[in-house]
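So the sequence lines, in the order shown, correspond to chains A and B. According to our numbering, the first sequence is numbered sequentially starting from 11. According to our numbering, the second sequence is numbered sequentially starting from 388.
Don't read these hints as lab results, they were simulated from the structure. We put the beta carbon where it would ideally sit given N, CA and C, even for glycine. Among the hints, a few may not be true.
Stated by the list, open to error - Label pairs and their computed distance ranges (CB to CB):
hint, chain 1, residue 1, chain 2, residue 2, range
1, B, Leu505, A, Asp149, 49 to 57 Å
2, A, Ala38, B, Ala430, 26 to 34 Å
3, A, Ala68, B, Arg406, 19 to 27 Å
4, A, Arg272, B, Pro487, 52 to 60 Å
5, B, Leu505, A, Ala68, 38 to 46 Å
Said to hold, decoys possible - Here are some of the chain A residues that sit facing chain B, going by a computed Cβ distance under 10 Å:
hint, residue
6, Pro191
7, Asp192
8, Pro251
9, Gly254
10, Glu255
What the hints assert, rightly or not - Sample of chain A residues facing chain B (criterion: CB under 7 Å; computed from the structure):
hint, residue
11, Pro127
12, Thr131
13, Thr231
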Amino acid sequence: MKRSLHLVVAQTAPARGDPIANLDEIAAILGRVSPTPPSLVAFPELSLTGYDLRMRTAELAYRTGDPPPVRPRAGQIAVVGFPEISADGRVFNTAGAVRGDGDGGRWLHRHRKCFLPTYGTFDEGRFFAPSRVGPRVFDAQGWSVALLVCEDLWHPSLTYLAALQGADVIVAPTAVPGRRPDGDGVFTSMRRWVDMARALATFHQVWVVVANRAGVEGGLTFAGGSFVVGPGGDVVARLGPTAGESIDLDLDPEAVTRARARFSHLRDEEGALLRRELDRILGPDDD
Amino acid sequence: MDQLRTIVTEVVREALRERDAASVLLLRPGSPGHDLMLEWLRADIPVEVARRAPAERCAVVLDPAPKDVLLLHGPVPGAEVFPLGDVWSSRVRDRAADAPLSRTEAALAAVFEEALGLDALADRLGEAEARAVRARLLATAPLLRPPLVPKLTEWTIGIDPGL
């Protein structure tokens, strides 16, 4: 029988261009999370390096073959974000899950960001390469987990693909800017994310975890406001706008089963229909 | 704590960290933006005041002009940080005592904060003045790229495609 999953969302304000300071902070946070029960600790997008790296993006990137730079304790899985440089020199905006094995950590899974925001104030397309590989599901303490990175969540095709592969939980490290402060310590811009995550959780009956960052970089103020939505579409935890806040929560293993028993949308989903229609719309695959 | 104040002062602190500087030089003395920034900063950041940016820099140079002033009249040359550059005059004046809005400022505040579109300027300023303000905005906005502005709205100064 599946056990509950101890989830921690650590809302940090990564220091720009200072991976040593960020790794120290991550190690300190992991040190405070009990290794029992087994836990998944989620950090924000680009949590190892800071967000707005610009011309330093490649310089600060981790090589694809390198061992994980974070060392969770045994029984912990840490989800962190970092620039990743592949053997052919492309730099991706990656989220990686690292399992602590008592002797450091080993990679469980990596997801490279597919959709890079390059509009308004965002410049990611100038500094990162987009991934053309969708999400995959990996086993985390008996749970099926998929990773997406920030803007990926705006593309329901990716959450759909994760759900079709059996994801119970979608974890999205993000760096959502805070826009239009409403005077109550909440950024209006974060409300849209909550609405979207609630819709996605409801469509697919999955947990949606948004680990957003806080702090300031290059005039951008990040919104904080990390949150968790249950498979019934309800917000079960939500943080304020400041760094240092965290969510600490046990995910009920029966919640997904209950939601899917009540609403059979995912069971009734028809992937073959979608494939036929995509073939018709897009034509032969030229890749 | 006023959230706007928190964000603006944190961006100034970020500039100090990045430049490894200990103090700021605040321009536009006597303006509502200047008085507001002085009130917000002087408790924990050393502030000097000047009318123009010096050639030799130690302090981080702040131009405290609100967004509409920057769009209509441009920045003070040499300024590095525009702490109120994404804040309309109306919001600065809300926080500064005895500083009523000019007719143009009030019209711009209404047009932008209520997202009415530039055509609505004519209802408030008359055709001729609205045409002149509109022409100035359209000429300035695409060229204005101040180095560091707190990004508070969807379309921060320098990336305003609606103009």
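Taking the hints in turn, this is what the structure says about them:
no.	hint	result
1	Leu505/B with Asp149/A: 49 to 57 Å	holds (56 Å)
2	Ala38/A with Ala430/B: 26 to 34 Å	holds (30 Å)
3	Ala68/A with Arg406/B: 19 to 27 Å	holds (24 Å)
4	Arg272/A with Pro487/B: 52 to 60 Å	holds (58 Å)
5	Leu505/B with Ala68/A: 38 to 46 Å	holds (41 Å)
6	Pro191	holds (4 Å)
7	Asp192	holds (8 Å)
8	Pro251	holds (8 Å)
9	Gly254	violated (14 Å)
10	Glu255	violated (15 Å)
11	Pro127	violated (13 Å)
12	Thr131	holds (5 Å)
13	Thr231	holds (5 Å)
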